[in-house]
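K.L.:
As a plain string of letters, each chain reads:
Protein chains: 2
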Amino acid sequence: MLIVGEKINATRKRIGQACQEGNAELIVQTVKEQVQGGADYIDVNAGLVGKEVQTMEWVLGLVQQSTELPIMLDSSDPEAMKKGLELVKKKPIVNSISMEKDRLESFTPLLAEHECGVVGLCVSDAGMPSGVDDRLATADALIEHLTGTCGKKLEEIYLDLGVFPVSAQPQAPMDMAAAVEKVMAKYPGLHTIAGLSNVSFGLPERRLLNLTFLALLISRGLDAAICDPNTVGLKATIAAAELLSNRDEFAMNYITAHREGKLSS
Amino acid sequence: MLIVGEKINATRKRIGQACQEGNAELIVQTVKEQVQGGADYIDVNAGLVGKEVQTMEWVLGLVQQSTELPIMLDSSDPEAMKKGLELVKKKPIVNSISMEKDRLESFTPLLAEHECGVVGLCVSDAGMPSGVDDRLATADALIEHLTGTCGKKLEEIYLDLGVFPVSAQPQAPMDMAAAVEKVMAKYPGLHTIAGLSNVSFGLPERRLLNLTFLALLISRGLDAAICDPNTVGLKATIAAAELLSNRDEFAMNYITAHREGKLSS
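Residue numbers (my numbering), protein chains in the order written: chain A, 46 to 310; chain B, 46 to 310.
Check the hints yourself; a few may be wrong.
Copies of the same chain look alike in the list, so a pair counts if it works inside one copy or between any two.
Once the Cα atoms are required to be at most 20 Å apart in a straight line, the calculated SDA-like pairs of lysine to any residue come out as [stated by the list, open to error]:
| hint | residue 1 | residue 2 |
| --- | --- | --- |
| 1 | K127 | R148 |
| 2 | K134 | H303 |
| 3 | K307 | P249 |
| 4 | K231 | M219 |
| 5 | K307 | R252 |
| 6 | K307 | V277 |
| 7 | K307 | G247 |
| 8 | K134 | P233 |
| 9 | K227 | V177 |
| 10 | K307 | L248 |
Treat the hints as calculated values from the structure; they're not laboratory data.
Generate the whole structure from the sequences, applying the supplied hints.
P.N.:
Next comes the structure, spelled out in structure tokens:
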């Protein structure tokens, strides 16, 4: 399971403020906490209105001083993404392209030119997907584009099938789970990725719902998540769900996590 | 979700001893704890070697004095089952019949004669099922027998597809999950039931594995479990998994459980 630490995100109040004020200490500390928590990648979103390119440069410098981990470049602005791609020291993951016309056109040259992984978000100009078949149709189109025009391998693609609040769309979590299962079976080597927190929007005890949903998705083949790596119970949920999904030979990871005290609640 | 309280079981040391010694107080107290914990049925297993029939009569008397809840009669001995069927005040569930020749022959007349639900265990004389197709073949045969010869409705059948330790059979949990999903889709009205604790045999942090597996099974359609209703986290897992599986309209149960303080860990 690949864990992408989500916290370096300038669209969130605390980090946004740190970027505005040049508070390097908070950025560095937040990166180190995520490294400590077991992140595999650090997501960097420098989305300050009007100054995203310069913020990307500043934040990325701090992040890469603080850790050897690779970066997930998180932007909808092709200029900021371009800056990020120039500055990263290791092969990054671009987050994200989609089948929306503008995004597709602006990101395709960057993806074709750079050695990188890519998050493919299953939305198109027809709007958010509804139902399993709709998700799969967008997934097929996106994968064809990424492996064809952009020259990416399936192993470099992280498909995000879209998580919606269960409070608003009661069928959405199971549709997404079914879609994950189907694309993972159809495209061996492909990755699927999910943000954890949307599913529980508007409901109490959000961590319970987020982690339960993560377990359900892992059992359908999900192999990457964007989240706070220090979420209480995250390691335990992943270890248990991977073991039960026959993705932990001889229960090695589960038993190691137990010995490290990461399974107890 | 139907919860069957598993604790009145004379093959377990503490209850077995109470049955031997005529310790009615412990039986009554154990029943009341399970009622308090939210059980929907009380499982009664009076399996003391050599005196199961008389133990069934004694225990059943105590249980039915202590609660109005219906009984799951749990025995492999047709005489003890017959005694139980005579004594229950409400429509019980018989636990269990299987496709093993001896069990099939001895239990079929009892099931055909009495108004009762039934747990159908998917084993045959060929041994424990392995793989999804093998489970489904046994399930088909059992359902045909129960709805045909025994005259049961699908709504009266609780299919147990067999939980095996993931430590010994790494593929078994996902095979069982897939089998649950398929039989629930194929036989509308049918129930599926699982004991929780086998899956984690031989591993640490068993509750974590048991509850994670329960969530995975609920998302495939499982609607009954045999367990200790007071297991910490059980209500939270069920509420979250049912909501995510679109089995909790307007999140009513989830929000009620939250208000009753049953979701916090």
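K.L.:
Can you tell me if K134 and H303 fall within 20 Å by alpha carbon in one copy, between copies, both or neither?
P.N.:
neither (34 Å within a copy, 46 Å between copies)
K.L.:
Up to 20 Å between alpha-carbons, please classify K307 paired with L248: within, between, both or neither.
P.N.:
between (27 Å within a copy, 14 Å between copies)
K.L.:
If the cutoff is 20 Å on CA atoms, where do K127 and R148 land: within, between, both or neither? Let me know, please.
P.N.:
within (14 Å within a copy, 70 Å between copies)
K.L.:
State whether the alpha carbon distance between K227 and V177 is at most 20 Å within one copy, between copies, both, or neither.
P.N.:
both (9 Å within a copy, 18 Å between copies)
K.L.:
Within a copy, between copies, both or neither: which one fits K134 and P233 at a CA-CA cutoff of 20 Å?
P.N.:
Neither, since 29 Å and 56 Å both go past 20 Å.
K.L.:
Measure nothing new, just compare the shortest in-copy and cross-copy C-alpha distances for K231 and M219 to 20 Å and report within, between, both or neither.
P.N.:
For K231 and M219, both the intra-copy (18 Å) and inter-copy (18 Å) Cα distances are at most 20 Å.
K.L.:
Checking K307 and R252: alpha-carbon separation at most 20 Å within a copy, between copies, both or neither?
P.N.:
For K307 and R252, the Cα distance is within 20 Å both inside one copy (17 Å) and across copies (14 Å).
K.L.:
Can you give me the call for K307 and V277, within, between, both or neither, at a CA distance of at most 20 Å?
P.N.:
Result: close both inside a copy and across copies, 9 Å intra and 18 Å inter.
K.L.:
When no copy is specified for K307 and G247, does a C-alpha distance of 20 Å or less occur within a copy, between copies, both, or neither?
P.N.:
between (29 Å within a copy, 18 Å between copies)
K.L.:
Pop the pair K307 and P249 into one bin, within, between, both or neither, using alpha-carbon distances up to 20 Å.
P.N.:
Answer is between; shortest inter-copy Cα gap is 12 Å, intra-copy 25 Å.
Violation of the numbered hints given earlier is confined to hints 2, 8; the remaining hints are satisfied by the structure.
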